[in-house]
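Protein chains: 4
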Amino acid sequence: MMNPTQKIKAGILGASGYTGAEVMRLLLRHPNIEICFLTADRKAGQPVQDVYPHLGGYGLPDMISVDSAPWDDVDVVFCGLPHGTTQEIIVGLSTTLKIIDLSADFRIEDPATYEEWYGHEHFAMELQSEAVYGLTEFNRDEIKNARLVACPGCYPTAVLLALLPLVSAGLIDPHDLVIDAKSGTTGAGRGLKQMTLFSEAGEGLSPYSIASHRHAPEIEQEIAKSIKVPAADIRVNFVPHLVPMSRGELITGHVRLSPGKTVRDVRAEYSAAFGDEPFIRLLPEGAVPQTQMVRGSNNCVINVFDDRIPGRATIIAAIDNLVKGSSGQAVQNMNVMFDLAETTALEQAPLFP
Amino acid sequence: MMNPTQKIKAGILGASGYTGAEVMRLLLRHPNIEICFLTADRKAGQPVQDVYPHLGGYGLPDMISVDSAPWDDVDVVFCGLPHGTTQEIIVGLSTTLKIIDLSADFRIEDPATYEEWYGHEHFAMELQSEAVYGLTEFNRDEIKNARLVACPGCYPTAVLLALLPLVSAGLIDPHDLVIDAKSGTTGAGRGLKQMTLFSEAGEGLSPYSIASHRHAPEIEQEIAKSIKVPAADIRVNFVPHLVPMSRGELITGHVRLSPGKTVRDVRAEYSAAFGDEPFIRLLPEGAVPQTQMVRGSNNCVINVFDDRIPGRATIIAAIDNLVKGSSGQAVQNMNVMFDLAETTALEQAPLFP
Amino acid sequence: MMNPTQKIKAGILGASGYTGAEVMRLLLRHPNIEICFLTADRKAGQPVQDVYPHLGGYGLPDMISVDSAPWDDVDVVFCGLPHGTTQEIIVGLSTTLKIIDLSADFRIEDPATYEEWYGHEHFAMELQSEAVYGLTEFNRDEIKNARLVACPGCYPTAVLLALLPLVSAGLIDPHDLVIDAKSGTTGAGRGLKQMTLFSEAGEGLSPYSIASHRHAPEIEQEIAKSIKVPAADIRVNFVPHLVPMSRGELITGHVRLSPGKTVRDVRAEYSAAFGDEPFIRLLPEGAVPQTQMVRGSNNCVINVFDDRIPGRATIIAAIDNLVKGSSGQAVQNMNVMFDLAETTALEQAPLFP
Amino acid sequence: MMNPTQKIKAGILGASGYTGAEVMRLLLRHPNIEICFLTADRKAGQPVQDVYPHLGGYGLPDMISVDSAPWDDVDVVFCGLPHGTTQEIIVGLSTTLKIIDLSADFRIEDPATYEEWYGHEHFAMELQSEAVYGLTEFNRDEIKNARLVACPGCYPTAVLLALLPLVSAGLIDPHDLVIDAKSGTTGAGRGLKQMTLFSEAGEGLSPYSIASHRHAPEIEQEIAKSIKVPAADIRVNFVPHLVPMSRGELITGHVRLSPGKTVRDVRAEYSAAFGDEPFIRLLPEGAVPQTQMVRGSNNCVINVFDDRIPGRATIIAAIDNLVKGSSGQAVQNMNVMFDLAETTALEQAPLFP
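Taken in sequence, the protein lines are chains A, B, C and D.
Once you know that position 41 of the first sequence is 41 in the numbering used here, the rest is easy, because the numbers rise by one and skip nothing.
Once you know that position 296 of the second sequence is 649 in the numbering used here, the rest is easy, because the numbers rise by one and skip nothing.
Once you know that position 286 of the third sequence is 992 in the numbering used here, the rest is easy, because the numbers rise by one and skip nothing.
Once you know that position 283 of the fourth sequence is 1342 in the numbering used here, the rest is easy, because the numbers rise by one and skip nothing.
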C-alpha cells in the first residue's frame, strides 16, 4: 500500500465529455489522488464551472489543450477522448506514465477486426499488444502490472460480468447468446446528435445499431478468449436500445443452458465467482435487477431466471454506464494499478430515487 | 354501410381507466357514434372533467355506476373493467347488445389455462366459446359477425402482428421465439402501484414478470392456432420491461429463420400480409421502428434485420399500447362489426415529438 | 364558405422543423387542404419518412429546396423557417399568395425594437406594416382580410390569452406583471443544442434568458396596444424555464388586482371574453390548469386563484406550445383567412396520458 | 471533537420513506455513525433489500416496528415519519436522546397556526417550545445545543437561504415576495397518489396547492422572525409546481428591491452571508442555477438577476430536495449537534448527468 500522505498525481484527457466529468466526480473523493490537469481542446482556458457547472467550487484546474499538458507532472492519465484520437496522443508519452483509456482504442486485439469496425488502421499496434483489457473482476493480476489499461465498453462490462463465469464454467451455450441491451442517453456522450435530443429520445424507445454495434466484436473477443477459441468462432446477437433516461444500462441475456444445467447451477456459479467481489451483487432469488439499484455507484446487480422455454434461462444485469460501465471501473483499475484498496472513492451507495 | 345520419349508441364501462379514456378520446371524433353513458363505480356522479380534465368541455355525460347503466339505450358497450369483473357483468346482458371487451376476460380459450393464469374459474365459459379474438388484421371475418369481441392484450397485439405471418408461412421456427418486450407505464393502468410512481419508474429500467406474464399464454395460444398445434406445444420466451415513458410499446423478437430463409423472405411475407392494411406499416429496409413513430395513432411499424448469428433474425414492432394495443383496436373492431369504414376515427397521424 | 370539393393548395417552408412537421400533422386531417410542397434545404430530395418517420406512409411529397418551390401552384404558404430568413424569401412572392408566418419575422412592429432584439435591421419593413398579428381570438377581423399573418410566439400566445382581457378591462395593473413561464424542450426547436440534449435537460429544471427573452418585447407590444399606450410604457417581468418534457407550456402570472377587484371579477371577465371561443376553456373554480390537459390539441386552459398577498392573484394558463402556441394557431388562422369553419382539423381532443 | 474511534449510534424512524432512505444513504458514508435500527411499521421484519433494493448488501439492519425500537441503545434518532405522528412518539422518549425531526411536526411555533394548517391540535407543545428550527446556516449556535431539531421543509430551505439575508439586510421589500417554486416528484413522498404516477406526472407540468401550501406559513414565520415582526405581518405569494423529474427543487423569487438597491448589492450581501459556507454557492455573475447542478449533493446554488421592471430583481436558488432540502440538512445538523466537522458524509460532489 502507498504511503497515505503521498498523493498520486493524475491528468484527465477529454475532461469535457461525460466520462471525463465522472472521473472528476469520483476522484474528488479519492484521498490518494490529486487532479493536476484537465484537457479539453475546444474549451481550453475555461474554468470547470463553465463546462460542468456542478463541479464548480471544488478547486479543480481550468481546462487546457492536450498539447500543453504537463505530462511529466503526473503519474497517471485517464483518457476520455473520442475513439481514434487516444492512440496518436499516447504513443509518444513516457513509458513510465500509467494510462487508463476509457475509449475503444485499445480494446480490440486483432488489427483486422479493429480496422473493420473502427474504419481506420490502428495507429499504435505496439501499444495495443501491451494493453490489458480492464475488466477488473477477471483481469486483476494483469491490471496490477499494466502500464496501459483499456477499459471495457459499457455494454461489454455488463454483458461479460454476467456471461463470462457461465461460459467459462460450461453452463451455457456460447453459440446461442441473445443479448437484448438497453442504455440511457449518456451512453451516446455529450456530442450533439439529433437522436439524443430530449424531444427525440423522450417518451420513446429506439433500438439502434442492430447487429452492427461496435461492442459486439468486443464481447465476442472476450467470450472467445475465455474458452480459448478463435474470436471468429463466436458470434453473439446484440441489439441495443436507447431508453429515455440519462444513466443506466441493463442487459437481458436470453441463453441456452447446457444439457442438465439449471438456473440453480447458474446462481451457484455466480456465488462462487462474485462472492468476494465488492461491487458485484447477486440478488436474492427472484429479485429483478433494475438500473435504479445502481445509479451513481460502481455496483453491478445480477440475477438469473427460468425461461418458459425448457432448457433456456434469462439473465439480467444492471450497471450505471458512466460508473461501472466507464469511469468507476477506470478508477477501480487505477486503485489496482497503484496497489490501493480497490474500493477507494467508489464506496458511495447508489442514488435512489 | 350505415345510414350516415343514424348514430350508433355506445356505452363505456370502466371509463375512469386509461383504456376507457382513450376510447372516449377516439369516439369523440367518430361521426357515427354517440357516447350515451360512462360507468365508473367509485366516481359515479362525477363529471368527466373531474376524472379526466383533458376531456372536459366535450359534452360527455357524467359517470354513473355500472348498476345504473341504461343497457337498452345502447347498441354497443366497450368494457374497460379490471380483469375478472367483465365476465359477471356481461353474462346477463341482452344478446342483441354488441360487446367489445378490452380486458383479458375472454382472451383465453382453454378454461384450465385461464384458471391457472388468472387465479379463478371462468365465470362465463358459454360466453367465452362465443368470443372472437379481436386481432383485426387476422380475424376480420369472424369479428364482422361477432357479438362479443375479446380485444388482444397490448403485448400480444404487437407480437402477433409481427410473428403470425412468419409462423404461418413457415419462415421462422415457432419453438425458438425469444420476445424481449418493452412498455411505457400506462400499460400498468391508472391504479396506484409503487412500481409506477414517477419517482420509482423515472430514470430507470425494470424488467418484470419474467416468464410469468399473462400475455405469454395468450401469445402461445394464437401462435399454436395459426399452425394448428395444441397450445401446449408452443412455449415462448417473453420478458417485458417497464420503460420510463407513458405510452408506447416495442417488441424485439429474436427468432430463428427456417433453413434457407432470409430476412428478404421475411420482408416479402410482410409485404404480402400487410400491403393492404391501413394501419400496419413495413418500414423501408434498414429503418428501425421506434415507439415515437406511432404515438397516439393506431399504427404499427415493423421491420426485420439480420442477426450476427447466422440463420437468426431480429424483428422489431412498435405500437401505442393504448391505441393499437387497446382502445384503437377496439374502435377498429367496432367499425368492422358495424360495417363502417375500418379507419373511421383512427386516421389521426401520430403525435411527434 | 368554400366549395367543399375545391381544395386549397398549401406549401410548407421549413418542413424539417418541429413546427413544420406539426403543420403537416394537422393538415393531413384537413378536408379542404392539399399539401403541394415541402421545403427543407438541407434535406432536399429526401422523402418525409427520412426526416419525420412518423409521417411516412401518408403520401406527402418529398422535401425540396426553397429555391425550387412552385409558388404559383399554391394558395397559401406556412413559413416555419428560422428567424430572419422568412423576410428575404417572402418579400419577392406574388401578392396574391397568402402567407402564414410561424417565425418571429413579422411580430415586432417597431423597427428599432426588432433590430435591438433580433440583431439585424428588418429586411422587409413594407411587409411588416402589412402583417397582422395572428392571435386569433383577438384579431379575427384583421386576420380574415390579411395577406400576411405573423403568428405569435408560443409564450406570448399563452400570456396574452390570459392577460389581455384583464388588462383591457382594467382588472389588473399592467405595470406589475410577473410572468413565470415554463416550456418543454420542443420550444427550442430541432436544432442541435447542448441544453436540449436528453442527458442535460432530463431530470432537471433550468431557467434561461432571464429578463432577456425575445418574447418579452412581443408581450409588451401587445399589452401596450390593448390599452393604447406606447410599447415603451410597458415592461413585464418574464422568466422562462426549461422543463423536462417535450411538449407543453404553462405560464404562471403573478398579478396585482386593480383596487376593489377580485378573482371573481376575473372569472367573470374570462367568461365574457371566452364563452364562445372553441379553444379557450376557463376551468371550473379551483381546478388547476396543467399542460397534460392540452397535449396535442389547440386548446388553452386557464384559471385564476387568490394569492396569499391581499390584492394579488395568480393566473395560470396552459397550452401545447407546438399546437396553440404555433402550428395549430397557424391552421386556425388559415381557416379564418379562407372563410372555413375555424375549428376544422383542430377538433382532436388532447392526448392523455 | 469526538474521539474518532467512538461511533455515535443512530436510529431512523420511518425508514421506508424517501427521506429515511436518504438518511441511510448518507450515513453509510459517515465515519462516526453506526446505524442501529430502522423502523417501518408496515414493513417490520423485512430486510432493507426488500424495501430499498439499492441499499441491499450494505449490512443495514432489518426493519422493525417503532414499538420495538431499542431507544436506549442510541444517541440520536432521525424521524422521517408522516406529519403528525412524530409528536406522539417522541414525547415519551428520554430527554438525553437527541432528536432530528424531518417532518413538519415541530416547525411551526404558533399553536393556532399549526392547528390551522395541519388540521389538529399540537400534541406536544412543550416539546415544540424546545425545538430549534434547523436551517443550519442561520441557526448554528442554537442547533449545537439543541435536543430537538425541526428540520425545515424542502421549499422553505431554498426560499429562506435565498431570501433571509436580503430581508435581514433590508435589501428587498418583505411585503412583495412572489415565490414561484418547482419541485420533483420525490417531494410528494413514496405514498401512492394518482398525481405522482409516472403516467400522470410525466410529460407535464402541474401547479398545485396554490396559495394553500403548508410551507407558506413556515416561510412567513421565519421571515417575520428575521425582521422581528409578528408572523401575521408577512404574507408571501407561494405557488409550487410539480415537475417531471424525481429530485430537485428550484425557486424563482420575484422581488422588489429596496429604493436605491441593485442586484450588485444583493450579490455583495450573498457573498458576505455565504462566503464561508461549505454548501452554499453563489454562482458567477450571469450563471443560472439549475437543479442539475446539485443533484445528490447537499449544495445550494444561488444567483440574482435584473428584472425588466425597474426596481425589481429575480432570485433563483436550487437544491436537491431530498438532500439539502431534507436528509442532508438533517445530517448536517447532526454533525453540528455532535461537534463533528459539519461537512462529514456530505462531501460527495453532485451527480450529473
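Accuracy of the hints is not assured; some may be wrong.
[Said to hold, decoys possible] Mimicking DSBU-like on lysine-lysine, the simulated pairs with C-alpha atoms at most 35 Å apart in a straight line are: (1) 1284(D) <-> 934(C); (2) 261(A) <-> 581(B); (3) 360(B) <-> 715(C); (4) 967(C) <-> 1320(D).
In case anyone wonders, no lab produced these hints; they're calculated from the structure.
Hints versus structure:
no.	hint	verdict
1	1284(D) <-> 934(C)	violated, 45 Å
2	261(A) <-> 581(B)	holds, 32 Å
3	360(B) <-> 715(C)	holds, 33 Å
4	967(C) <-> 1320(D)	holds, 31 Å
Checked against the numbered hints above, the structure violates only hint 1.
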